[in-house]
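Peer 1: Sequence:
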Amino acid sequence: MISWTLTIAAEGGTTAQTGAALDLRTAATELIDATRASIIESAAAHRPVYTLTLDGDWLTSIVTGDTPTGAPDRDLALDRLADIENELVGRDRVTDPN
1 MISWTLTIAA EGGTTAQTGA ALDLRTAATE LIDATRASII ESAAAHRPVY TLTLDGDWLT
61 SIVTGDTPTG APDRDLALDR LADIENELVG RDRVTDPN
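Be aware that the sequence shown starts at 1, since it is given in our numbering, and climbs by one per residue.
Since the hints were derived computationally from the structure, they do not count as laboratory data.
All C-beta atoms in this analysis are idealised placements derived from N, C-alpha and C, irrespective of residue type, glycine included.
Take these hints with a grain of salt, some might be off.
Unchecked claim - Here are the simulated distance ranges between beta carbons: (1) D66 - L22: 36 to 42 Å; (2) A43 - P68: 17 to 23 Å; (3) A45 - L24: 32 to 38 Å; (4) T60 - G12: 20 to 26 Å; (5) D33 - D66: 24 to 30 Å; (6) P68 - I40: 17 to 23 Å; (7) A21 - L78: 18 to 24 Å.
The whole structure should be built from the sequences, with the hints applied where relevant.
Peer 2: Here's what the structure looks like:
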């Protein structure tokens, strides 16, 4: 089993979500999906820091910054997550038919 943990640190405290999968690709996909959902569902005024660990190893931290108007920049956080997803999971890659 490959475990994953998403730790969310916000102004109101820290929470964690955990899971496990039979293989690394599935665990990474579950971690990415959980992170995406947390970013989208975060409270309007919060600027959480998302720390992703995979199989006990730190993978990355994503900090929610500010837009030019001072609002939380969730789009930038989602863009960073998409970059990590493409590198780690390769969802957008076309599989070689050979």
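Peer 1: Against this structure, judge whether each hint is valid.
Peer 2: Here's how the hints hold up against the structure:
1. D66 - L22: 36 to 42 Å: Check passed, 40 Å falls within 36 to 42 Å.
2. A43 - P68: 17 to 23 Å: Given about 21 Å between the Cβ atoms, the range holds.
3. A45 - L24: 32 to 38 Å: 36 Å Cβ-Cβ, so the 32 to 38 Å window holds.
4. T60 - G12: 20 to 26 Å: For G12 against T60, whose Cβ atoms are near 23 Å apart, the range 20 to 26 Å holds.
5. D33 - D66: 24 to 30 Å: With a Cβ separation near 25 Å, D33 and D66 satisfy 24 to 30 Å, so the hint holds.
6. P68 - I40: 17 to 23 Å: The hinted range 17 to 23 Å holds for P68 and I40, with Cβ atoms some 21 Å apart.
7. A21 - L78: 18 to 24 Å: holds, 22 Å
Violated hints are absent here; each numbered hint is respected by the structure.
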